[in-house]
Amino acid sequence: MTGTADSRAFPHRHLLGIEGLSPDDITLLLDKSEGYVEQNRQADKKRSLLRGRTIINVFFENSTRTRTSFEVAGKRLGGDVINMSVAGSSIKKGETLIDTAMTLNAMHPDVLVVRHHESGAVHLLAQKVNCAVVNAGDGSHEHPTQALLDALTIRRRKGGLQGLVVAICGDILHSRVARSNIHLLNTMGARARVVAPRTLLPAEIERMGVEVFHDMATGLKGVDIVMMLRLQTERMHGSFVPSIREYFHFFGLDARKLAAAKRDALIMHPGPMNRGVEIDSEVADDIDRSLIQHQVEMGVAVRMACLEVLTREPGNGPPVK
Amino acid sequence: MTARTLFKNARLLDPATALDQKGDLLVADRKIAAVGTRAAADAPGAAVIECHGHCLAPGLVDMRVELREPGREHEETMESGAAAAAAGGITTMVALPNTEPAIDDVALVEFVARRSREVGVHIRTYAAATRGFKGREITEIGLLSAAGAVAFTDANTAIADAVVLRRAFSYARTFDALIVQHPEEPSLAAGGHMTEGETATRLGLSGITPAAEVMMVERDLRLVEITGARYHVAHVSTGAAIEAIRAAKARGLPVTCDTAPPYFALNETAVGEYRTFAKLSPPLRSEADRRAVVAGLRDGTIDAIASDHSPHPQDSKRLPFASAEAGIIGLETLLPLTLELVHNGHLTLLQALRALSQRPAEILRLPAGRLAEGTPADLVLFDLDRPGRIDVASFRSKSKNSPFDGRPVQGRVLKTMVEGRFVFGGDN
Numbered sequence: 001m002t003g004t005a006d007s008r009a010f011p012h013r014h015l016l017g018i019e020g021l022s023p024d025d026i027t028l029l030l031d032k033s034e035g036y037v038e039q040n041r042q043a044d045k046k047r048s049l050l051r052g053r054t055i056i057n058v059f060f061e062n063s064t065r066t067r068t069s070f071e072v073a074g075k076r077l078g079g080d081v082i083n084m085s086v087a088g089s090s091i092k093k094g095e096t097l098i099d100t101a102m103t104l105n106a107m108h109p110d111v112l113v114v115r116h117h118e119s120g121a122v123h124l125l126a127q128k129v130n131c132a133v134v135n136a137g138d139g140s141h142e143h144p145t146q147a148l149l150d151a152l153t154i155r156r157r158k159g160g161l162q163g164l165v166v167a168i169c170g171d172i173l174h175s176r177v178a179r180s181n182i183h184l185l186n187t188m189g190a191r192a193r194v195v196a197p198r199t200l201l202p203a204e205i206e207r208m209g210v211e212v213f214h215d216m217a218t219g220l221k222g223v224d225i226v227m228m229l230r231l232q233t234e235r236m237h238g239s240f241v242p243s244i245r246e247y248f249h250f251f252g253l254d255a256r257k258l259a260a261a262k263r264d265a266l267i268m269h270p271g272p273m274n275r276g277v278e279i280d281s282e283v284a285d286d287i288d289r290s291l292i293q294h295q296v297e298m299g300v301a302v303r304m305a306c307l308e309v310l311t312r313e314p315g316n317g318p319p320v321k
Numbered sequence: 001m002t003a004r005t006l007f008k009n010a011r012l013l014d015p016a017t018a019l020d021q022k023g024d025l026l027v028a029d030r031k032i033a034a035v036g037t038r039a040a041a042d043a044p045g046a047a048v049i050e051c052h053g054h055c056l057a058p059g060l061v062d063m064r065v066e067l068r069e070p071g072r073e074h075e076e077t078m079e080s081g082a083a084a085a086a087a088g089g090i091t092t093m094v095a096l097p098n099t100e101p102a103i104d105d106v107a108l109v110e111f112v113a114r115r116s117r118e119v120g121v122h123i124r125t126y127a128a129a130t131r132g133f134k135g136r137e138i139t140e141i142g143l144l145s146a147a148g149a150v151a152f153t154d155a156n157t158a159i160a161d162a163v164v165l166r167r168a169f170s171y172a173r174t175f176d177a178l179i180v181q182h183p184e185e186p187s188l189a190a191g192g193h194m195t196e197g198e199t200a201t202r203l204g205l206s207g208i209t210p211a212a213e214v215m216m217v218e219r220d221l222r223l224v225e226i227t228g229a230r231y232h233v234a235h236v237s238t239g240a241a242i243e244a245i246r247a248a249k250a251r252g253l254p255v256t257c258d259t260a261p262p263y264f265a266l267n268e269t270a271v272g273e274y275r276t277f278a279k280l281s282p283p284l285r286s287e288a289d290r291r292a293v294v295a296g297l298r299d300g301t302i303d304a305i306a307s308d309h310s311p312h313p314q315d316s317k318r319l320p321f322a323s324a325e326a327g328i329i330g331l332e333t334l335l336p337l338t339l340e341l342v343h344n345g346h347l348t349l350l351q352a353l354r355a356l357s358q359r360p361a362e363i364l365r366l367p368a369g370r371l372a373e374g375t376p377a378d379l380v381l382f383d384l385d386r387p388g389r390i391d392v393a394s395f396r397s398k399s400k401n402s403p404f405d406g407r408p409v410q411g412r413v414l415k416t417m418v419e420g421r422f423v424f425g426g427d428n
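Chains A and B, in that order, give the protein sequences.
Mind the numbering: the first sequence is residues 1 to 321 in the working numbering, read in order.
Mind the numbering: the second sequence is residues 1 to 428 in the working numbering, read in order.
Hints were generated in silico from the structure; no laboratory data involved.
Since the model is a prediction, treat every value here as computed from it, not as a measurement.
Cβ atoms here follow ideal geometry from the backbone N, Cα and C, with glycine treated the same way.
Hints should not be assumed to be uniformly reliable.
Unchecked claim - With a straight-line cut-off of 30 Å between C-alpha atoms, the simulated DSBU-like cross-links for lysine-lysine are:
no., chain 1, residue 1, chain 2, residue 2
1, B, K22, A, K128
2, B, K8, B, K22
3, B, K398, A, K128
Claimed, not checked - A few chain A positions that, by computed beta-carbon distances, are all more than 10 Å from chain B:
no., residue
4, H116
5, H141
6, G159
7, D224
8, A259
Stated by the list, open to error - Stretch-level coverage of chain A by chain B, calculated; a stretch enters the list once three of its residues show a Cβ under 8 Å from a Cβ in chain B:
no., stretch
9, 119-131
10, 134-140
11, 290-303
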């Protein structure tokens with residue numbers, strides 16, 4: 001079966017962030033994703049739900065993994081997926097984001113999947129188009145499909161999210177993945193922690209509803225899930241942390257630090273990993289505990305569910321905002 | 001135009017003398033000729049303006065305005081800025097030197113003076129404190145002062161190098177010139193787009209710590225102490241900086257400061273979901289800082305309220321937040337937003353007018369801001385109570401970047417007079 005049999009409505013026109021979604025909204029997306037997980041494991045993966053629909057991937061920031069995941073998701077649902085490469089496009093010639101939005105809008109797409117290096121840019125673009133917009137990551141703000149795929153991965157292994165203790169570790173300051181996950185975990189009744197040196201934590205992060213730790217031993221104590229974040233190369237050498245060696249020593253996940261977590265604690269990473277910087281290969285590749293490959297698999301299913309709910313025929317649900 | 005104008009039955013307000021009484025005011029030969037209950041007796045044949053008890057006060061002196069002339073006339077010109085000022089009850093504007101080219105040369109100061117004579121509202125200008133705002137070489141402070149520059153500032157750039165500022169202070173003191181500082185430690189604020197805190201964290205925007213303001217002010221005050229120079233802090237926005245200035249004033253240092261309406265009328269939450277019209281420099285602060293600004297105005301630590309008018313066209317605001325320009329227009333909202341503080345009981349009317357006219361004129365040594373006989377007849381007549389909504393579409397400014405559109409306010413300018421001539425509301 002696929003998610004189409006489900007008649008619950010998703011009451012939003014766009015998916016711009018996890019903030020503002022209700023527990024029901026999230027549960028709906030996760031439930032629909034489950035169906036697509038099974039479908040994606042069949043030999044015949046293709047459906048015609050989005051036949052005739054046009055999905056444009058507009059990536060102002062380079063990405064292979066996320067863009068490919070959205071492309072696969074759109075194609076498996078039978079949609080026409082176009083990747084708009086921004087490098088060398090008119091954006092580089094000074095066209096504004098709003099001009100680009102208007103241009104794309106005139107082509108009557110059904111969904112725009114947008115990634116941009118500036119926080120808020122996807123909101124701005126969404127105000128100027130008539131179609132649905134999926135935020136595929138904006139600056140340090142949100143990356144909602146990543147949080148949804150993380151939630152699906154956890155739910156399939158732990159049976160649910162309620163009451164779980166999840167430690168998000170590393171570069172929280174610059175991370176849209178962290179922010180989306182914090183919103184999602186709080187909304188679904190899990191307990192979120194952040195673990196990082198103070199230079200990688202934004203001001204007043206505790207007011208987003210997380211417990212803050214500055215060392216892995218106490219931060220990982222008793223947790224069910226350890227989510228590691230990628231540390232960008234340009235931040236490794238003296239600007240935010242003094243060196244890779246020091247960062248890995250104190251904040252990189254290895255078997256010794258992981259021992260503080262619950263015995264059945266699971267390891268996640270949004271990828272791409274810097275082995276030996278934020279995570280040791282020994283734990284990253286531990287097939288009993290590392291969910292990293294599952295996350296990638298769940299990513300396609302979650303994105304199929306998102307594309308489905310955002311392209312429902314008008315009249316299928318209440319008027320959407 | 002008649003040479004003599006009589007304002008009858010006005011509520012005469014002069015913060016300099018604490019005058020607040022019903023009466024008449026006679027204007028003759030471009031000057032205030034008589035003030036008080038007997039003014040009418042001296043005015044046979046004068047054109048009579050019946051004021052119906054509305055407020056007649058010195059025209060506002062706006063000590064921080066960006067006009068885009070020369071260089072960016074599509075955003076604002078002296079004419080459009082003057083029309084907006086007149087509608088806002090402002091009779092003297094002091095222009096920042098951050099034009100293109102920058103006003104760092106005698107010829108450009110003279111250019112502003114010449115243009116000022118053409119537009120009906122007094123326009124005075126600052127000159128750059130350092131060449132090209134680069135913070136390295138001081139400008140010709142003596143010659144520029146002689147040409148009419150009222151004070152020296154690098155506009156929205158802080159003079160960061162302590163040695164350069166020390167020399168600028170020492171040299172300025174030779175000519176008794178005033179240095180105006182943008183109070184923000186630039187290396188600490190670098191890359192930031194709104195005030196640091198929960199809102200910035202949620203939005204994923206890099207923050208500017210409020211400490212960047214007080215750090216610069218405290219350092220500068222040490223340099224004031226060793227040089228004795230006159231120092232003015234522009235657009236203060238944080239409680240910590242206000243406290244530092246309060247303490248410095250108590251020690252007798254020659255320091256003054258101003259703020260702008262967004263810093264007492266809004267806080268960081270105005271950014272909402274990336275509203276670029278709420279992007280300012282310094283950024284909108286926390287509610288606690290906003291309250292500290294109100295308290296600083298109330299106890300006089302903050303001397304003046306300036307519009308901090310900063311015109312930007314749509315295309316530099318309709319961008320992702322980090323890429324958008326900072327700054328909002330303010331000439332036509334300066335008075336009504338300040339009057340909110342009066343209607344809410346935070347300031348008396350005389351306190352508000354003191355911050356809008358008397359104090360800026362004193363700080364910059366301008367012949368304005370008084371209702372004294374023999375001074376230029378720069379006046380504003382306003383209805384203190386008339387309710388309305390701010391309507392940006394009706395503004396005379398060429399740019400429309402205001403976060404206050406639609407805000408309900410009380411108080412409306414009825415007439416504005418510059419040197420005996422109506423520049424706004426003169427047709428009835």
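Hint-by-hint comparison with the structure:
| no. | hint | result |
| --- | --- | --- |
| 1 | B:K22 / A:K128 | violated, 54 Å |
| 2 | B:K8 / B:K22 | holds, 9 Å |
| 3 | B:K398 / A:K128 | holds, 24 Å |
| 4 | H116 | violated, 7 Å |
| 5 | H141 | violated, 3 Å |
| 6 | G159 | holds, 30 Å |
| 7 | D224 | holds, 25 Å |
| 8 | A259 | holds, 31 Å |
| 9 | 119-131 | holds (count 5) |
| 10 | 134-140 | holds (count 3) |
| 11 | 290-303 | violated (count 0) |
The structure shown violates the earlier hints numbered 1, 4, 5 and 11.
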